[in-house]
Each structure stands twice: as C-alpha cells, then as structure tokens.
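If you're matching positions, the sequence shown starts at 3 in our numbering and goes up one per residue.
Some hints could be false.
[To be verified] FRET-style restraints, in silico, Cβ to Cβ:
| # | residue 1 | residue 2 | range |
| --- | --- | --- | --- |
| 1 | Arg96 | Met3 | 31 to 41 Å |
| 2 | Arg11 | Gly95 | 18 to 28 Å |
| 3 | Gln6 | Phe117 | 30 to 40 Å |
| 4 | Gln18 | Phe117 | 31 to 41 Å |
| 5 | Glu64 | Tyr119 | 16 to 26 Å |
| 6 | Met91 | Thr4 | 30 to 40 Å |
| 7 | Leu86 | Asn10 | 13 to 23 Å |
| 8 | Gln6 | Ser70 | 32 to 42 Å |
[What the hints assert, rightly or not] Keeping only pairs whose Cα atoms sit at most 30 Å apart, straight-line, the calculated DSS-like set for lysine-lysine is:
| # | residue 1 | residue 2 |
| --- | --- | --- |
| 9 | Lys108 | Lys55 |
| 10 | Lys55 | Lys106 |
| 11 | Lys55 | Lys111 |
| 12 | Lys92 | Lys55 |
| 13 | Lys92 | Lys57 |
| 14 | Lys57 | Lys111 |
| 15 | Lys108 | Lys57 |
| 16 | Lys57 | Lys106 |
No wet-lab data here; the hints were simulated from the structure. All residues carry an ideal CB built from backbone N, CA and C; glycine is no exception.
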Amino acid sequence: MTTQEVANRLVELCRQGQIEAAQTELYAEDCSSLEPENSPMGNVTGLPAIIEKSKHFETMIEEIHSTSISDPIIGGNCFSINWLMDVTMKGMGRRAMDEICVYKVKDGKIITEQFFY
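All chains should be built: construct the whole structure from the sequences, respecting the hints.
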C-alpha cells in the first residue's frame with residue numbers, strides 16, 4: 003500500500019470507530035506510539051502495547067458526544083490528520099479534545115504514530 007492508501011484506510015476505519023481493526027491491519031508489529039511530554043498515556047512500542055494503550059484510553063471515556071476526523075494530508079512517507087472529540091471523561095467531566103496525529107509509513111505499514119495536543 004502507498005502512504006495515501008494507508009492514510010485513507012486508517013481514516014475510513016477510524017471514522018467507523020474500528021480503531022483496533024485499523025491498528026491490526028495497518029500497523030507494523032514494531033510500531034511506536036509517541037505522546038507529548040508529561041502525557042498520562044505515555045510512549046509505547048509494539049503493536050500489542052499500542053492496542054492495549056488504545057483500550058486503556060477507551061476505559062477513561064464515559065461518553066462520546068461527537069468525533070470528527072479530517073481527511074489526511076500526505077507528505078512523502080508521512081501523513082497527518084486532525085482528530086476532534088467531544089467527550090465526557092470519567093471523573094473529569096466533558097471536554098473538547100483537539101489533536102494532530104502524525105503517522106510515518108514504511109513498506110505499506112505505519113511504523114510511528116505521534117500525537118500533538
């Protein structure tokens with residue numbers, strides 16, 4: 003898959019709420035997930051750890067009010083999306099989350115995801 007094809011498929015699956023399916027299909031086994039400094043989520047390496055990290059994040063959400071994912075912007079073997087979420091977090095109340103997600107692709111698989119918020 004090209005970077006554009008990987009990006010389009012990731013957006014398609016994420017818009018359908020199929021995060022784990024996207025990770026299983028599109029991520030390399032040794033993929034890395036990077037968060038901003040001081041993030042409670044932390045950095046992890048390896049597909050099983052990334053899937054577990056996503057599941058943990060989902061347990062922190064009480065209710066999703068809305069979500070929006072932009073079309074991808076491609077630059078070489080990287081792409082980015084803007085992911086907006088209006089959620090109620092357990093014990094923290096309702097909040098708007100606005101992040102830029104940047105992905106690096108090699109040999110048709112995502113090898114790095116990095117989040118900026």
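*Which hint numbers does the structure go against, in order from smallest to largest?*
Result: hints 2, 3, 4, 8 break, sorted rising.
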